[in-house]
Every structure is written in C-alpha cells, then in structure tokens.
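Colleague: Please build the complete structure, drawing on both the sequences and the hints.
Heads up: the sequence shown at position 218 corresponds to 218 in full-length UniProt numbering, and the numbers run straight through without jumps.
It should be emphasised that the hints constitute simulated quantities derived from the structure, not laboratory data. Nothing here was measured: the structure is a model prediction, and the numbers come from that model. Wrong hints could be hidden among the right ones.
With a cut-off of at most 27 angstroms between alpha-carbon atoms, the simulated DSSO-like pairs for lysine-lysine come out as follows [said to hold, decoys possible]:
id: 1; residue 1: K158; residue 2: K236
id: 2; residue 1: K62; residue 2: K18
id: 3; residue 1: K18; residue 2: K69
id: 4; residue 1: K161; residue 2: K236
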Amino acid sequence: MEHAPCISQIATLLADPKRSAMMWALMDGSARQTEELALLAGLSPSSASAHLARLASGGLLKVEVRGRKRFFRLSAPEVGAAIEALASATIASAPREVAEVFKRSTPMAKPQAAPSSLLRARFCDDHLGGTLAADLYQRLLDAGWIEQLEQRVVVTLKGAKQLAGRGVFIQALAHRNVQVACACPDWSERRPHMGGTLGAALLQLFMQSGWLTLPNDSRALQLTATGQRELHRFAKETELEMA
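Modeller: Laid out in structure tokens, this is it:
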C-alpha cells in the first residue's frame, strides 16, 4: 500500500462539477482562455480563475501566457485519457435501466462541452473512439464480420477473411495476451466501438493509409478527403453484404 499512487488528490479536483466542465472543454487538447472556460462552465471570470489555479497547481493543467492573456490546456495526454476512462466507466457501471435510456438518447443528450472534433473521432486508449468508431462497429456487426455475444465479441470466419483482404490478420492479433475484439463503451455515442487488438490494428491501418491524421497537441483525429472516400466505399460494400 505504501507504493500505491495517490489518486485522491486528482479525484478531489475532478469532483467539482464546474472544474470537471472546464476540463471537459479541453479534452481535444486545445488551449482556451480563462474567460472562455468561465462561460462554458457558467462561472464568473474570477471564480473560473480560482478553479483553474487549483487544477494547474494539482498538475492537471498547464498555463500558457500570450501577452496579457492566459491560456489553459491539459498538462498531458494521460490526463485526457483518464477523464475519458472515467466517462466510459460511468456508462459501463450504470444500471441496465439507465443504459437503455442512454441508447435512446438524442444527439442533444451528448456532452455539450466536449468539442465537436473530439466527438467525431479521437484516440480512446490505443484505438478509435467517437461517432466514426461507433458507426464502424455497427457496420461490422450488421455485415456479419463480428458477433456480439453476451460477454464477448468474436470475429466470424467471414470477418476474418474480409479483414485479411485489407491487411488485418486475426491470427496475428490473437497471439497477444489481450482480447482480440471487445465492445468498448463510447462516452459520447452511448453505444460501443471496437476495442482490443483489432481496434488498435484498425486505427493503425486508417492512419497509415492516410484516412485519419492527428493534428499537433490534440487528441482529436481528423478525417481526410481520402478517408471520407474510402469509408464511404466501405459503407457501400457492407450494405451490399447485408442485402
């Protein structure tokens, strides 16, 4: 126990709804002024400054001084990943009745403080999260490439063959001591996206193929023109398989 990390300090900082709202607004890796964060959190600039100072002194934010303006951003990618993990855990641990409400939620029920670029496509640990990822997971499911069983996700023979044709070999992924495929809760979509080594392999494929790019100092991924074209083609192919 003496070597256990002290997480209570960070938990205390994030427990305040106003502070967590400002942290949420910085999830894409952007830097924002005090006044902008105050507006997003519904605080006066002076109150926001006090909260931001606590977050910065706790190591969660770093400050950039530009002339007379002070800008704040997440101190490290791990901070954003931790906040996202907490958001996903909130959904995963919700009672079944609440989870069903999430599934029926309209887009207005999504977190409004999170930047739209982060909602569309982002890093979720080592795989893809966001709207693109959730849509892809559903297409793989509908096309019969994967099957979602009660406690696990399996890649079908059809899926393994189709993925191999795209350079993703399930047997190679299965040699690792982690799950090949799993349904990762997506905090912004209220529906799952692909996790496991398959999720990581697909993200790597998309980035190496130039479908997705990662801007500097951001956790949000950008879909390129090539990516839009190729994902549209993939959607058409899976639709034909479902017909």
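Colleague: The structure should be examined with respect to each hint, and the outcome stated for every one.
Modeller: Hints, one by one, checked against the model:
no. : hint          : result
1   : K158 <-> K236 : holds (17 angstroms)
2   : K62 <-> K18   : holds (18 angstroms)
3   : K18 <-> K69   : holds (21 angstroms)
4   : K161 <-> K236 : holds (18 angstroms)
In this structure, every one of the numbered hints holds.
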